[in-house]
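If you read the protein sequences in the order shown, they are chains A and B.
Residue numbers for the first sequence follow UniProt numbering, beginning at 1 and rising by one.
Residue numbers for the second sequence follow UniProt numbering, beginning at 1 and rising by one.
No wet-lab data here; the hints were simulated from the structure.
Incorrect hints may have been included.
Here are the simulated SDA-like cross-link-like pairs (lysine to any residue), alpha carbons at most 20 Å apart as the crow flies [what the hints assert, rightly or not]: (1) A:K54 - B:A49; (2) A:K54 - B:L271; (3) A:K70 - B:A49.
Sample of chain B residues lacking proximity to chain A, with all beta carbon distances greater than 10 Å (derived) [what the hints assert, rightly or not]: (4) S5; (5) C13; (6) G27; (7) D28; (8) E31; (9) R64; (10) S65; (11) Q74; (12) D76; (13) N103; (14) R109; (15) K139; (16) L215; (17) E217; (18) R256.
This one's a predicted model, so the numbers in the text were calculated from it and none came from an experiment.
We put the CB at the ideal spot given by N, CA and C, even for glycine.
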Amino acid sequence: MASIFDILGPVMVGPSSSHTAGAARIGLIARQLFGRQPDKAQVYLHGSFAATGKGHGTDKALIAGLLGMKPDDMRIPESFEIAKEMGMEFQIAEKDIREAHPNTAQIIMEAEGVKTMKIQAYSIGGGRIRVSKLDGIDVHFSGESNTLIVRNVDQPGRITEVAAALSKCDINIATMQVFRDKRGGFAVMVVETDQVVSKEAIENLEKKEGIIKVTFLDVSGMV
Amino acid sequence: MSYQSMEEVYERCEKDGISFWKAIQLGDASERGVTEEDSWERMKGMWQAMQDSLDAYDPELMSRSRLVGKEGGQMDHYLEQNDPLCGTYMAKVMANALKMGCNNACMKRIVAAPTAGACGVLPAVLVTYYREYDVPEEKMIEAMYVAAGVGQVIANRAFLAGASGGCQAEIGSGSGMAAAAITHVRGGSKEQLGHACAMALKNLMGLVCDPVGGLVEVPCVKRNVGGAVNAMAAADMALAGIESQIPVDEVMDAMREVGVKMDVSLRETGLGGVAGTQRAKEVVEALDM
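This is chain A alone, in the form it adopts within the complex (with noise of 0.2 Å):
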């Protein structure tokens, strides 16, 4: 459901809000998932973001992302001279993705010390985005809402466990996904909370059998 400052806004630098705003916005939920600003970051663009993307500042804005910046910052046409200030390299090139929306792009994001991770999202138009991969698991969120993203091994008891850790700490479950490539293998839930997931939380998580990582979205200071 639109909310009024949807067709009223959002705020943001042009020229496209699925081409310019919805790629800062990719770029930025992806150096938020990765907690960090990455060291390299390898990105793809497919489809009408490959064909039409240079024209649209849709690489510039990608980048201006990852460097933490939001879809209305001024900043974003400086994003590639910038990224070599704040020391991101960088390469951008087109890859036709199977089955993808048309507006998708692919993000590799390396730094040290830290797991490599993979994330796949498209734009929806007026600056709205949602994610489709994370780390080679199909996955399906929005970005809009606090979102918790635990990474776990496919074994029963999982899902249990972290809703009722949620639950301890008073924390409102508004939607749940869980997703798996195998069974028995990898897993991944998706978690969208009413309230802030804290670091504490995160952290008594991680240490819990057969979970590997565990990554919070906090969207109040993204709006």
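Using the hints provided, position chain B relative to the given structure of chain A.
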């Protein structure tokens, strides 16, 4: 709550004895769980951002493709040196529409209204009026609510994206929103602002989305002028007591139907319409993009 029809907004106004803009503000406050004051402050921020964007126009700047950028300055120069056919006031509206369209193409900060490509229509109509007439700022923020409310109903009944419904969904919707908003500023009733919206939408119905090279530049920048001028004309008709014979909700439904029937080459693919002309192909070739 998100209004599904203009009729629903009218009913709420009558039931609670409130004006159109207030019904939209209350809807926003309840939908997002914020106070009326919070909602007002955010809308005031949007209004300020629109004015700031207009003031930041730089006639020296060109878009990355170099197809557009200087048109706002050209219109300014013309209206200062000449006697514009449409009159000085309308020429200022046109200049402001061009400036916003150019700002967008040149990667400057704008307010999508309802989209980035159509960002010039609403400020051209509202900011020009605010600067030329003695009117309190509160009235303009009320008008922003009117525009947003109308846009929300269009979004719920039809669409706001060129890729979904052609340019009628972008410039057309922007024009309908602006027509309703300026009718409110001029003291029109809720029915009159609905008629203004309906007439503006009907005049641009069927408008295709045919950007050269897929870029939000040609013909988008100049279409903002078309949308703004059309909004002013529709508002004047409504204020003169002229009514749309087709109710505004049904006009929106018709717009949806037209958009659904529109060939995909005419919906932001950069293939049909002016994007498919010989000259457009040469331009794209030369751009090396």
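Here's how the hints hold up against the structure:
With a C-alpha separation of about 26 Å, the suggested pair K54 (chain A) and A49 (chain B) falls outside the 20 Å cut-off, and the hint is violated. For the suggested pair K54 (chain A) and L271 (chain B), the alpha carbons sit about 18 Å apart, so the restraint of at most 20 Å is met. At most 20 Å may separate the alpha-carbon atoms for a hinted pair to count; K70 (chain A) and A49 (chain B) meet this at roughly 15 Å. Listed as a non-interface residue, S5 (chain B) keeps its Cβ farther than 10 Å from every Cβ of chain A; the least gap is roughly 15 Å.
Once the 10 Å rule is applied to beta carbons, C13 (chain B) is consistent with being away from chain A; the minimum gap is 16 Å. For G27 (chain B), the non-interface assignment is contradicted: its Cβ lies about 8 Å from the closest Cβ of chain A, within the 10 Å cut-off. A beta-carbon of chain A comes within 10 Å of the beta-carbon of D28 (chain B); the shortest separation is about 5 Å. With a least beta-carbon separation of about 6 Å from chain A, E31 (chain B) fails to lie farther than 10 Å from that chain, contradicting its non-interface assignment.
The non-interface label for R64 (chain B) is inconsistent with chain A: the shortest C-beta to C-beta separation is roughly 6 Å, within 10 Å. Residue placement check: S65 (chain B) does not keep its beta carbon more than 10 Å from all beta carbons of chain A (closest about 6 Å). For Q74 (chain B), the condition that its CB be more than 10 Å from all CB atoms of chain A holds, with the nearest at approximately 19 Å. At the 10 Å boundary, the C-beta of D76 (chain B) stays outside the reach of chain A, the nearest C-beta of that chain being 20 Å off.
Under the 10 Å C-beta cut-off, the non-interface status given to N103 (chain B) relative to chain A is violated; the minimum distance is some 7 Å. At the 10 Å boundary, the C-beta of R109 (chain B) falls inside the reach of chain A, the nearest C-beta of that chain being 5 Å off. No Cβ of chain A approaches the Cβ of K139 (chain B) within 10 Å, the least distance being about 16 Å, so the stated non-interface status holds. For L215 (chain B), the condition that its CB be more than 10 Å from all CB atoms of chain A is violated, with the nearest at approximately 4 Å.
Taking the minimum C-beta to C-beta distance to chain A, about 7 Å, the non-interface status of E217 (chain B) is violated against the 10 Å cut. With a minimum CB-CB distance of about 15 Å to chain A, R256 (chain B) clears the 10 Å threshold, and the non-interface call stands.
Comparing the model with each earlier hint shows violations of hints 1, 6, 7, 8, 9, 10, 13, 14, 16, 17; every other hint is respected.
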